[in-house]
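Here the protein sequences come in this chain order: A and B. Take 1 as the starting number for the first sequence in my numbering and just add one per residue. Take 1 as the starting number for the second sequence in my numbering and just add one per residue.
Source of the hints: derived by calculation from the structure; they are not laboratory data. Heads up, a few of these hints could be off.
If several chains are the same, the list does not tell them apart, and a pair holds so long as it fits within one copy or across any two.
[As the list claims (entries may be wrong)] Here are the simulated DSSO-like pairs of lysine-lysine, each with C-alpha atoms no more than 30 angstroms apart in a straight line: (1) Lys49 x Lys68; (2) Lys107 x Lys169; (3) Lys200 x Lys297; (4) Lys107 x Lys68; (5) Lys102 x Lys248.
Predicted model only: the values in this text are computed from it and were never measured.
Given next are the chains, with one letter for each unit.
Protein chains: 2
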Amino acid sequence: MTPDFDLKQYLEDRRLMVEEALEVALPQQDGPETRVVEAMRYSLFAGGKRLRPILCLAASEAVGGDLKAAMPAGCALEMIHTYSLIHDDLPAMDDDDLRRGKPTNHKVFGEAIAILAGDGLLTEAFVLLSDYNSLLPERAVQVIGVIAEAASYRGMVGGQVVDILSQNKRAELETVQQMHSRKTAALIAAATESGALSGKGSEAQVAALGRYGRAIGLAFQIADDILDIEGDTELLGKTTGADEARGKVTYPAAVGLERSRQAANEMVNDALAALEGFDDRANPLRSLANYIITRKK
Amino acid sequence: MTPDFDLKQYLEDRRLMVEEALEVALPQQDGPETRVVEAMRYSLFAGGKRLRPILCLAASEAVGGDLKAAMPAGCALEMIHTYSLIHDDLPAMDDDDLRRGKPTNHKVFGEAIAILAGDGLLTEAFVLLSDYNSLLPERAVQVIGVIAEAASYRGMVGGQVVDILSQNKRAELETVQQMHSRKTAALIAAATESGALSGKGSEAQVAALGRYGRAIGLAFQIADDILDIEGDTELLGKTTGADEARGKVTYPAAVGLERSRQAANEMVNDALAALEGFDDRANPLRSLANYIITRKK
């Protein structure tokens, strides 16, 4: 790592780049779809960190690929992440009123439009990926496969099922790991894999960056569980202690805070180990791995 | 048309072929996803006519393509159709208790799992399409684009928005056309277009079969509106008069039964005209166009 690498500035620059691309990918519409696109945009532009697109772009660069080539995958990942938040917040699911300090989608647009906004974002991700002109069709199909698989019932949808069905039960480590692995790590691994594919990485590079993604995805979710206990409500934009109040199974509930911190650290080390064969172009990924567990929001 | 073409037998043969392919595409699972896959399968195997897959396969054959080559697209279309039914039936949307004579998904599995089952089916369609080994990647990407576009906020999601926002309002012809075009015709057109693409049809053939699909899609939906007024409750597996009771805008409500029948007939003629350049291999499509407006369920 170059000691003068400014991760904060890097994240801010990349975030702005992603905002711009998302604005082009989903502009406001006139006509019968006005309302649903408004709802889709409300959540898509609600101030997310854009972590998945940023990881996707960084993975493309780590294999010597073009930054721009990975942008459609980055935007698709953010749309899928956003759809999952909208549906997770619904009254039938977590029944959340606030997300990032703002009223949740169904609170503003009503349940019907919120469900459709989620459906629309999930679908739009694949519209975007099918128009992947900067990639050879073989690569585009691979990217679509990696991202769809991560979003599927074997990935995110399955993770949300575990989340719902395990509420108010005793937190077993295996259940928590199942949930984190599917609900969070699957899409983060898809971000780095699809970035590596977009950047024309070799099979070995794609696999290594997938391992990196899965490891930081798990670390990220454990850190999230810890922040929910120890974090600052104002910085987070959500009430701390919400997981416990809601009977969610979390990593700290299963093994305690100390072992949770340890597990997150180990996973960050695993992630760094997966980058061993990469040169300096993977430095942003190295820096991001450490940021994941030291962030305050 | 050969006078001895037995459409009823044809539809039954094809339906069984599609059932088998769907069974392979979505087998029951063990593990944390058991419950959601059960819910996905409950609606996917609820006795649908499999019209979209059958049209997709027939379009592939009409351009001289392989039947099997179009099956992944056919299965994906049926998954997307089924997801849309599950979400449309939700309490926040149409609040339906029965679908094809059976309790709706959320009545059996609860709202949370029903939402996730819909999300899972929509996603699984793209998993299936990304694994389209029988097609060249260029064609596979085109198929994904055509199907995703039809499901998007410019298509089905937008149609459902029009449906919801127009309830209990005066039925304007333009609104009804907007709704039918997006909610029903878009995916049926995608069925014949993706079939033609899978069968390696020329650009002109793909366009002609898209026109055919849009026309019969509109005719199909008008016929549905008419059946809701004149149909047999037992044959349909749903209560007739439901549209009116619910304040839905329909074609007959906008222009009356007689003009609705006329419009459906005109669209079938449009559909047949689109097939003019095709040989006998398009005969099943010709026969299907007439069936659309004479069916009793």
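The hints, checked one at a time:
Proximity of Lys49 and Lys68 under a CA criterion of 30 angstroms is satisfied intra-copy only: 19 angstroms inside one chain copy versus 44 angstroms between copies. In the homo-oligomer, the alpha carbons of Lys107 and Lys169 lie at most 30 angstroms apart both inside one protomer (28 angstroms) and across protomers (24 angstroms), since each shortest distance falls under that limit. For a Cα distance limit of 30 angstroms, the shortest separation of Lys200 from Lys297 qualifies neither inside one copy, at 33 angstroms, nor across copies, at 51 angstroms. Taking the closest pair of Cα atoms, Lys107 and Lys68 never come within 30 angstroms of each other, the shortest separation being 36 angstroms inside a single copy and 46 angstroms across copies.
In this assembly of identical chains, the alpha carbons of Lys102 and Lys248 lie at most 30 angstroms apart only when taken from the same copy (22 angstroms versus 34 angstroms across copies).
The structure fails hints 3, 4 (numbered hints given earlier, in ascending order).
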